[in-house]
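Peer 1: Protein chains in written order, with the numbering used here: chain A, 1036 to 1267; chain B, 0 to 275; chain C, 235 to 613; chain D, 9 to 220.
Because the hints were derived from the structure by calculation, they are not lab data. Be careful, since some hints might not be right.
Unchecked claim - These stretches of chain C come out as covered by chain D in the derived footprint (C-beta under 8 Å, 3 or more residues): (1) 273-287; (2) 555-565.
What the hints assert, rightly or not - Far from chain B by the CB rule (all over 10 Å, computed), these chain D residues: (3) V15; (4) N61; (5) I80; (6) I180.
Since the model is a prediction, treat every value here as computed from it, not as a measurement. Here a beta-carbon is modelled for each residue, glycine too, at the ideal position from N, C-alpha and C.
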Amino acid sequence: MKRTIPLLITFIVGLIVISSEFIPHRPFSMINSTLENWYLSISGFAIVLGLLSLVQVNSSKVYHKAENWQYSLASLVSLVVIVIFGVLWGMEDQRGILGNGEAISAFIGKKPFDYLFDNGITPLSSTMFSLLAFFIASAAYRAFIIRSFESNLLMITAVIVILGRTSFGPMLTSWLPKSLSFLHLPNLTDFILTYPSSAAQRAILMSASLGIIGSSLRIIIGLERSYLGSDE
Amino acid sequence: MKIDSQTERRIIFIVLFIAVMLPLIFPIGWTSEVSPHVQMTYDMVDNTPEGSVVLLSFDYDPSTATELQPMAISLIEHAWKNNQRVIATALWPMGVKMADAAFQELLLKYPSKESGVDFVNLGYKTGGMVTIQAMGRDMKSVFPTDTKTIPYEDIPLLKTVRSLKDIQFVISLSAGDPGIKQWIMGAHDMFGVKVAGGTTAVSAPGFLPYINSQNQLYGLLGGLKAASEYEQLLGIVGPATVKMDSQSVAHVLILVFIAIGNVKAYKKRNSKKEGK
Amino acid sequence: MPNTESFFYMKTNRILYSIILLSLLNVCKMNAVHDTMVLDVPWDNGTALSIKIDYEPMWKHVILEKADSSGVFVPLSVFFEGQTEYIDSDVLANAKQIYRISAYTSDRKDSLIVVKGGVATEQWFYMGKLSMLILLVLICTAIMYFISLARRGKALFIRRINGLDSMDEAVGRATEKGKPILFIPGIGDLDDIQTIASLSILSHLAQRSAEYNTDIIVPCKYSMVMSAAREVVKEAYLKVGKPDAYKEQNIFYLTDDQFGYVAGIDGIMLREQPAANFFMGSFFAESLILAETGFSTGAIQTAGTAQAHQLPFFIVSCDYTLIGEELFAASAYLSNDPQQIGSLKGHDFGKVMLIVLTIAGVIFEILGLHGFKNFFTVG
Amino acid sequence: MVSTMSVLGTWIGVFFTLSIFSFLFKDNPFYKFAEQVFIGLSAGYGLIYLIYNVLIPNLFHKLIFDFSHNVILLIPATLGLMMLLRLIPSLQWLSKYPLAVVIGTAVGISMLRYMQSDFLNQLTATMINPLAGATKVEIVGNFLLIIGTICGIYFFYFSRKKEGIYSVPSRIGIWFLMISFGASFGYTVMARVSLLIGRLDFLLKDWLHIIK
Chain A
1036 MKRTIPLLIT FIVGLIVISS EFIPHRPFSM INSTLENWYL SISGFAIVLG
1086 LLSLVQVNSS KVYHKAENWQ YSLASLVSLV VIVIFGVLWG MEDQRGILGN
1136 GEAISAFIGK KPFDYLFDNG ITPLSSTMFS LLAFFIASAA YRAFIIRSFE
1186 SNLLMITAVI VILGRTSFGP MLTSWLPKSL SFLHLPNLTD FILTYPSSAA
1236 QRAILMSASL GIIGSSLRII IGLERSYLGS DE
Chain B
0 MKIDSQTERR IIFIVLFIAV MLPLIFPIGW TSEVSPHVQM TYDMVDNTPE
50 GSVVLLSFDY DPSTATELQP MAISLIEHAW KNNQRVIATA LWPMGVKMAD
100 AAFQELLLKY PSKESGVDFV NLGYKTGGMV TIQAMGRDMK SVFPTDTKTI
150 PYEDIPLLKT VRSLKDIQFV ISLSAGDPGI KQWIMGAHDM FGVKVAGGTT
200 AVSAPGFLPY INSQNQLYGL LGGLKAASEY EQLLGIVGPA TVKMDSQSVA
250 HVLILVFIAI GNVKAYKKRN SKKEGK
Chain C
235 MPNTESFFYM KTNRILYSII LLSLLNVCKM NAVHDTMVLD VPWDNGTALS
285 IKIDYEPMWK HVILEKADSS GVFVPLSVFF EGQTEYIDSD VLANAKQIYR
335 ISAYTSDRKD SLIVVKGGVA TEQWFYMGKL SMLILLVLIC TAIMYFISLA
385 RRGKALFIRR INGLDSMDEA VGRATEKGKP ILFIPGIGDL DDIQTIASLS
435 ILSHLAQRSA EYNTDIIVPC KYSMVMSAAR EVVKEAYLKV GKPDAYKEQN
485 IFYLTDDQFG YVAGIDGIML REQPAANFFM GSFFAESLIL AETGFSTGAI
535 QTAGTAQAHQ LPFFIVSCDY TLIGEELFAA SAYLSNDPQQ IGSLKGHDFG
585 KVMLIVLTIA GVIFEILGLH GFKNFFTVG
Chain D
9 MVSTMSVLGT WIGVFFTLSI FSFLFKDNPF YKFAEQVFIG LSAGYGLIYL
59 IYNVLIPNLF HKLIFDFSHN VILLIPATLG LMMLLRLIPS LQWLSKYPLA
109 VVIGTAVGIS MLRYMQSDFL NQLTATMINP LAGATKVEIV GNFLLIIGTI
159 CGIYFFYFSR KKEGIYSVPS RIGIWFLMIS FGASFGYTVM ARVSLLIGRL
209 DFLLKDWLHI IK
């Protein structure tokens, strides 16, 4: 029972959304946009659940003095600090409960929340991302070894495209006569990207769309219900 | 000489680090050719009439700013040069700040441009495609105010904009999901609005199928190279152009790594055969 | 546009005035504008009107205006040379709209005004989406047909999918080593179908890990995914009769931030040293950071995503990779659940249809018959 | 004071940047610290951002200042609150209702959008006259596009064993996939190096002032 009603709701809501795509007449066209707006608000509330889980996991580590508990404390402190800053003085042009905090903004140049964003989250996020430069080099070094026909295809195309995307790659083949201009590196790169690569991407997109349509259908008709969990 | 794989990794990391740094300190100055998808994007912006309202969606965060921020700056500059008016929105929370930063930087160059008249930042909304669909029906209900909390109806630029359909084109600068794909599905496929995109070089091939006879995508900027090409088209020496040198050096280095890796594997195979 | 506005600038009762003007002009300039029609765009939601004008080439400037709620005409569009139709897609359904078309010669010495009205009505079907509806119904029917076949006990063949058999082995190896397994459900929220597919694979793996008494760690990027993952794992433990072994704290939320999430997972990989990593779901740039860090810890790695541009990184750094549709096929293959296998058969029907339609479309295009392709063109 | 704080800000940024880079060498206390601060800060950021930019303008503001026109918004507000009932074990089952609404909406929309964008539009995009290419290269490309797409789709066909004649198209499909993966990989190198350049730019310009 506790699971039947939610399944019924999913079924009805899903059916309304789908039929309203094809029925341009009211009330269908309106129900759909209403549901879309609701979605935003409901998912907005859910973030609280996650934060509570984060606090729970870390505070239990601190409380039990588990291994590396000091770092969990750092996590809790940063969470609490940024939330307090945000609540008190707001962010950007949004007022917090203490207003805009002009005095403190004058002192540090921007709102405390924004200060933490610019000097904490920004460098952390971009540096984490930049690790990819190193990883892509080590992955290429390790994996691009001449082996089977298929893996050679992967390697050769990668090498052509890596060359074709540099500034001087084009210079390597610029001497080619006009009749062979399709072998000119930037042209060859574009050719690979536009035709064979697009074809494979298309095949992946189209066949995966069937997987998505099928899974969606199974969810709507209530066959796939793992996300709802056990029936207790 | 035996090197374990951990040490090998570290050597690769250090060499790459130095190789990318050196050209930044001592620039080399290679030029590049303009690729067709960049040209398409440029032409789309260039052929849009003066006074049109255009939308730039900032669907990225600081982590991809090196690639996408120069695009944002070039695109806004191009739009302003043509007297187009720019709405900024964001499907990523941190995109709002990226938009502000871009406008601030350009205001130094174009001090006459006025907030609310020549540009407006409407901020971030969650929901991705759902939000875009809602914008296609009614922009005001999605963005009751801009980021300065000025009500929608009090912003002069938005007087003529009721829904997405009143916008000449949308360019999504996107680092992932939600981003270009949602704009294609939501804005182009549903409401017929022109959509072009700027994305990281990695995501670009995935979007190429959308540049097709349906014009699902009107143009695509992929990565720093595209950004530097756009700067070249605009005739400015921007941040992207400067950084292309480091790029090229790093590319060669990675090719060298691949070569070494193969030599090593070849030797290993040979020694195994001999061992037998 | 503003300079032409001033020529006919009228403050009050523009509509009446222009109708009189129109009749006057029409007397002296017959035939100049042959026909003007304001038509409802058929088979839509009643928010579009088509304004069709058939005019002599002498009219170089054709301006279209629309009356707003107070009856004042506001400019809508300028026709370019040769343009005969304008679609106004910003119309209220079932309300009369009035348009004014003003035409001028190139020297602006002669002019002409036409006023016309029309009503856009809501219909009960979007004709433009007929092909989409047909294909959708066909695919869904096929899926349901095969599901019912499978449920009635008909054995349906599914070929082996590389990498899937090794998933159980990976769990086994983790057990031997006494290390946990790490499952990453991707960075998509619960509204991403890939995440849901990922959760059904998680269900299978959680059952295995419960059987082997191995811990399964699931860090999540979204709260709703965390809630759902907890339900899934709890149910799996319940199924194999070990509800007490279920540890809720092993399925937790890290942060909504893409790279904050990755930083956290990297830390887990280095400190917990899981012996098997599973990356299933929707992945973006972080794929390679995860896979390379996992590789450096020596874990067996299995990945699966339909995110085409992340596949190369998983392929070079992971032991097994499920490509695109294989992610959706995986849970059917693993669970051997008839309804899932039936569904997969339905997808295969769709693939055959795709291939047939593509070939047919290409042939029709070569023959120059564009109707076939146009029928399938939506939006 | 502002300038002192902004210099301090740069130093904080440098500290975090170097801490994360140190991870490449090996796990260490600096990385552990940076990682946990990152999680805490970004999770808090997400919450605050959502409150100011989604919940207040789209829900609370409308309910407080214009209640009569927005009564219907009580439904999502209630559903949102029900989502939080997950925290109370005895009422946990109630959180499945909002979940059902969310999933129903999301699933319906995905089904339609993938049907249109990834199925239909990609299908019609492949319905081309290959001979219509302007150059020989384009014509060859068009044929590759059609063959690659068809064989690629066949690669994902699960209902038949890949044996004998049936293994041929699937094999060709793999070739196309491999070419595509290689191309994506090569194309990506650039992007990844850009990110590193961005960080070096920060260290060399904003911190050390070595470059302009």
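Peer 1: Against this structure, judge whether each hint is valid.
Peer 2: Outcome of the hint check:
1. 273-287: Three-residue rule not met by the stretch 273-287 of chain C, so violated; n is 0.
2. 555-565: Satisfied; 5 residues make the cut.
3. V15: 19 Å, holds
4. N61: Per Cβ check, D/N61 is inside 10 Å of chain B; nearest 5 Å; violated.
5. I80: Label holds. Min Cβ-Cβ 13 Å, cutoff 10 Å.
6. I180: 19 Å, holds
Figure legend: structure checked against the earlier numbered hints; hints not met, in rising order: 1 and 4.
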